[in-house]
Structure formats: structure tokens, C-alpha cells
Amino acid sequence: MKIAGLIIGILAILGMILAFIPCIGALNWINIPFAVLGLIFSILGLNQDQRTGLPKGTSIAGIIMCAIAIFFGLIRLILGGGII
1 MKIAGLIIGI LAILGMILAF IPCIGALNWI NIPFAVLGLI FSILGLNQDQ
51 RTGLPKGTSI AGIIMCAIAI FFGLIRLILG GGII
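The sequence shown begins at 1 in full-length UniProt numbering and counts up by one.
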């Protein structure tokens with residue numbers, strides 16, 4: 001779960017960067033739910049790590065990347081009026 005969350009977090013960050021290009025801002029309508037899915041996977045991976053005592057750096061990195069993609073994606077949608 002934590003590896004899936006990390007991979008989705010990386011892809012969400014790349015999608016967020018791509019959506020900052022003018023006229024491609026609507027990509028955030030796809031990217032934000034994708035990042036929420038990655039956030040859920042990372043949180044589940046973190047809970048699994050806490051029970052087993054494994055290192056939890058991968059899960060935390062996935063959580064941070066997905067949260068950044070969600071935050072900046074929402075800001076971009078608000079500033080662009082949801083379309084641009």
C-alpha cells in the first residue's frame with residue numbers, strides 16, 4: 001500500500017505541475033481525486049507500518065506529496081474559476 005501511495009503521489013505532483021500550464025488547468029479535476037486516492041493508500045500503508053514496526057518514511061513521503069498536490073490543485077482551480 002505504501003509503495004502504491006508513493007507512486008500515485010509522484011504522478012499527482014507531475015500532474016499538478018502540468019496543470020499549472022495555462023489552458024490545462026482543468027486537468028486538476030482528474031488530478032485531485034487521483035491524489036486523494038494516493039493519500040488514502042499512504043495512510044493505510046502508514047497504519048500497516050505502525051502495527052508491524054517497519055520504517056514509515058515511504059508512507060510519510062506519499063502523504064506529503066499527495067497533500068501538496070491536493071492543496072495546490074485546489075488553489076489553481078479556485079484561481080482559474082474551475083476551468084482555465
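Each hint should be verified, as a subset may be incorrect.
As the list claims (entries may be wrong) - Pairwise CB distance ranges, derived in the manner of DEER restraints:
(1) I30 <-> P55: 30 to 40 Å
(2) G53 <-> F20: 12 to 22 Å
(3) L54 <-> G80: 15 to 25 Å
(4) I17 <-> G53: 27 to 37 Å
(5) Q48 <-> I68: 16 to 26 Å
No wet-lab data here; the hints were simulated from the structure.
Where a beta carbon is used, it is the ideal one built from N, C-alpha and C, also for glycine.
For each hint, the structure was consulted:
no.	hint	verdict
1	I30 <-> P55: 30 to 40 Å	holds (32 Å)
2	G53 <-> F20: 12 to 22 Å	violated (40 Å)
3	L54 <-> G80: 15 to 25 Å	violated (41 Å)
4	I17 <-> G53: 27 to 37 Å	holds (35 Å)
5	Q48 <-> I68: 16 to 26 Å	holds (23 Å)
In terms of the numbered hints stated before, the structure departs from hints 2 and 3, listed from lowest to highest.
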